[in-house]
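Enquirer: Residue strings, one per chain:
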Amino acid sequence: MSLYHAKSALSGLWKEKWIYLLSTLSMAVGLFVMSVGFVAVYNMHILARELPEKFSMTVYLKDGLSADDMNRLKGAIGADRLVSKVTYISKDDALDELRKSLKGSENLLDGLDNNPLPASFEVKLKRKSVEPASVGQLAKEIRSMQGVDDIQYGQEFLDQIQKIVRIVQTSGLTFLAALLAGVLFVCYTSVKILFYRKADEVETLKLLGATGWFIRVPFLLEGVAIGVLGGAGALAASFAFFKVFIARFGASMPVLANMAVPSVMLAALPLAGLFIGFTGALIALGRIRF
Amino acid sequence: MSLYHAKSALSGLWKEKWIYLLSTLSMAVGLFVMSVGFVAVYNMHILARELPEKFSMTVYLKDGLSADDMNRLKGAIGADRLVSKVTYISKDDALDELRKSLKGSENLLDGLDNNPLPASFEVKLKRKSVEPASVGQLAKEIRSMQGVDDIQYGQEFLDQIQKIVRIVQTSGLTFLAALLAGVLFVCYTSVKILFYRKADEVETLKLLGATGWFIRVPFLLEGVAIGVLGGAGALAASFAFFKVFIARFGASMPVLANMAVPSVMLAALPLAGLFIGFTGALIALGRIRF
Amino acid sequence: MIRFENVSKIYDKHPALKGITFLAGKGEMLFITGPSGAGKSTLLKLIYHAVEPDEGTITIAGQGTSTIRAGQIPYLRRMIGVVFQDFRLLTRRTVFENTALALRIRGLGDQEIKNSVMETLKLVGLRHKSDVYPESLSGGEQQRVVIARALVAEPMLLLADEPTGNLDQDTSMEILRIFKDINARGTTVLIATHNTALYAGSSKRVLRLEEGALAREDLG
Amino acid sequence: MIRFENVSKIYDKHPALKGITFLAGKGEMLFITGPSGAGKSTLLKLIYHAVEPDEGTITIAGQGTSTIRAGQIPYLRRMIGVVFQDFRLLTRRTVFENTALALRIRGLGDQEIKNSVMETLKLVGLRHKSDVYPESLSGGEQQRVVIARALVAEPMLLLADEPTGNLDQDTSMEILRIFKDINARGTTVLIATHNTALYAGSSKRVLRLEEGALAREDLG
Ligand SMILES: Nc1ncnc2c1ncn2[C@@H]1O[C@H](COP(=O)(O)OP(=O)(O)OP(=O)(O)O)[C@@H](O)[C@H]1O
Ligand SMILES: Nc1ncnc2c1ncn2[C@@H]1O[C@H](COP(=O)(O)OP(=O)(O)OP(=O)(O)O)[C@@H](O)[C@H]1O
Ligand SMILES: [Mg+2]
Ligand SMILES: [Mg+2]
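Chains as they are written, first to last, in this note's numbering: chain R, 69 to 358; chain H, 69 to 358; chain C, 8 to 227; chain E, 8 to 227.
Mixed in with the good hints there might be a few duds.
Here's a subset of chain H near chain C, in silico, CB distances under 10 Å, partners left out [claimed, not checked]:
#1 LEU93
#2 ASP268
#3 GLU269
#4 THR272
#5 LEU276
#6 ALA308
Everything labelled a hint here was simulated from the structure, so no lab data went into it. On a predicted model such as this, the values are computed, not experimentally measured, just so you know. Using N, Cα and C, we set each Cβ at its ideal position, and we do this for glycine too.
The shape of chain R in the complex, shown without the other chains (with noise of 0.2 Å):
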């Protein structure tokens, strides 16, 4: 490649400088539409996430522990890798509790002599780890503590909760996928319908004894160029798009107001762009024949 081939690239472009501009348009709409789709579901993916974080076991203590035990029974709850944090409800608390859940019918509980209600603690989970099978074991291992009289936790309800994080997640994916597959067959055809005119130009140069590469270089750089301007232009309106999204409806919507757009997606797109565009040049351009 020579600066020869360069100038030829650029000349080429300059010559034919709307349809072009329209091409690099076209490939960074697509690219656009695409970067949305992926922030979309990457979001969604993220929101999917953080679902289990309130996720929580209730463990019940026997009655008339003694301060030091129910520190060591704190202590080995909380050493387990998948415990984040774990709270102390005295009897009391939990009384409390309940009369505010009876708002409304709080007298119920007046004639009450003693508190029947347990103490317990609250374990929290860490949010990544949390997976139905490990939670099921580490449910077996705290009721066997001593100390401990039962555990609560919905096992039905996490069940549930990571089905449809799984369903997010590959749903997601899928459409993103074939979101993907569909601006890449788009925005490569656009290239191809573009240099499909240029058979012509290709056949002379090999008939005056041209190289395939020769012949190849300046539409791969034509290519490139329309890819890597197509992806930063992109990259900007996606930016832009998000910043005014977010603005938008970000303060009414926290989730959305913390909305993720990766920074990968900086050099991602443009390398996109380029890829799609040289591609798209070599196949357009295809086995050089003499």
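We have chain R already, so just place chains H, C and E with the ligands on it with the hints.
Expert: Chains H, C and E with the ligands in isolation, oriented as in the chain R frame:
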């Protein structure tokens, strides 16, 4: 438009079948992506709309109402256009309910000598008409009715849900609009680039004395053919995709099993293709200057 | 039929035609000659309205070309058959369809088109190539298709730009005979050519262009 | 330099060349003539490997064209300068770049290219048009660019297909003089033409093709 034009368009298509096939595929893929996006947003929309379905009010009744009064009240509430169902919950039912919810601490209630809980109506609202303002109005009306002691409903919860629904819908639509504009543009570009090469042909026809419409019609027919075939392809692909998608994920997630693929797409996709192909060709040809 | 009055055409500051004045009567046959780049093609393009003059007035069949409404241009062009120097064949159409185009544009019926086209192709010796695409024709065969397309609609005015550049002597003379025939039937014929054999001894008017100016008018 | 042995070429069942046998020695200048569609262009295309023979063998500079490896074809072609009948100018490049292409392909440096190209353009009288795109050239000017491109790399073999079809007598003779010059410097020259003036009185060999067969061999 004569038979000649149709034949001429068809022969043009046939002579360069590969590039037209590619354009058509690209159009199909673009519309497919659009329809996938549309169905996704559409289902989010439906899902969001169904959130308030379970929304209900509890109307606490004064003690000692006669069966007659009760029926009259029930009728009056049920007559409201927002209300879908009114269920009577007797004092005993209420106590049973509480007992159930205190699972594990039922003995709390053992000491009660009389049932302090009031009878109530559970008022289910029609899903479509749930609006915070009108629900507030309804609550006020019910509260003023004879025999009503108090009324409880999740004012805040309702507001929250409404907000989420709006956000999901608006952001979904913004999203879809971006996707749509993008795909439209990319498809248009593809048609435009395809026709760009025809500048020579157009010039020759002009010099031979053809009028603007004589020149345009075969190109428009080509554009329409690409668009409609592309739309039909997109339709087939969409139905196939959703069929597989639902089969794959629907079993484990009932929401997906009931996923709605609106049948309006049957006509909309080829129509969208027709529109894009036609306007793409029209704009690609530009104003024909003599 | 054709009236040029002091016509000039300037491309990007470079004058291609300078103050051309001439008349061509209805039914006349007339040659334009001159070295490469003298402005012959430009002169013809002015007549069929492919370019517009920068100065002077052109009148074709009583119609001033600068005052014509855009919507009328196609109809002006339908009076004229053009043998383009660069052929302008449509690559996506067969020889038959390329030739037929001149008639399709005029809205003729299929049967009529078929008869006229096949007859004209026979005239230029390409009847057997009617279903072939231009890319598989020899240079001279392509040129003859262009000639057929210009003739097929029996225009009032025939403009031929280097119509025998790719033809051998015998075929050239055959084409000239066809031009004379159509001229005899009333068509005004204007031929731009380097081929002196076309006008030598014809006693027709020969306009010689040199560097955009009318250098000489002679009888061939 | 060129050896055709019983060469035939059939396009879609239609024979374009039938059993052609001839030799052209190194440094020879040789004309091919014959009516439109006789197979002249096809014969030249066989030499520069644009089409392949259906029968017979062709040897160019000692190299059999049917046994050549695909990777060698560009190098074979670089020995040959071709004036294409249909020009094959690249519309997106200026006259200078179109001409320079023949040297770029051979990997020459910018300065060298500039010198050679400007010199050759001057030879064909187009120095002043070097920055212009082909679309704004006259037919004859385009043809001269094609000639310049074929000459600029000083090929071992020059193939010219109807090189004066769009040129006036004077310019044609000027081009012929250039061909003779390059021939005098050792280049083998093969010219397919209808223009009898090119070979009349030249005492060079003239091969006459008729319907794909070698009908006659003569001295011009
Ligand atoms: N579109 C254009 N833009 C700029 N210059 C042009 C254009 N068309 C023609 N010219 C220039 O105008 C001059 C006359 O061109 P024209 O085509 O009329 O010549 P011609 O007499 O037909 O020549 P030839 O015999 O070579 O066909 C030439 O110098 C040419 O380069
Ligand atoms: N690609 C092709 N496919 C089919 N037939 C072809 C093809 N190329 C040429 N022919 C036919 O082969 C015959 C010889 O063509 P060729 O171009 O060699 O003629 P030529 O002698 O150069 O004629 P001209 O003087 O008109 O240029 C012609 O009848 C032509 O129609
Ligand atoms: Mg000319
Ligand atoms: Mg030929």
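Enquirer: Please go over all the hints and tell whether each is borne out by the structure.
Expert: These are the hints, each one checked on the structure:
no.	hint	verdict
1	LEU93	21 Å, violated
2	ASP268	8 Å, holds
3	GLU269	6 Å, holds
4	THR272	4 Å, holds
5	LEU276	6 Å, holds
6	ALA308	34 Å, violated
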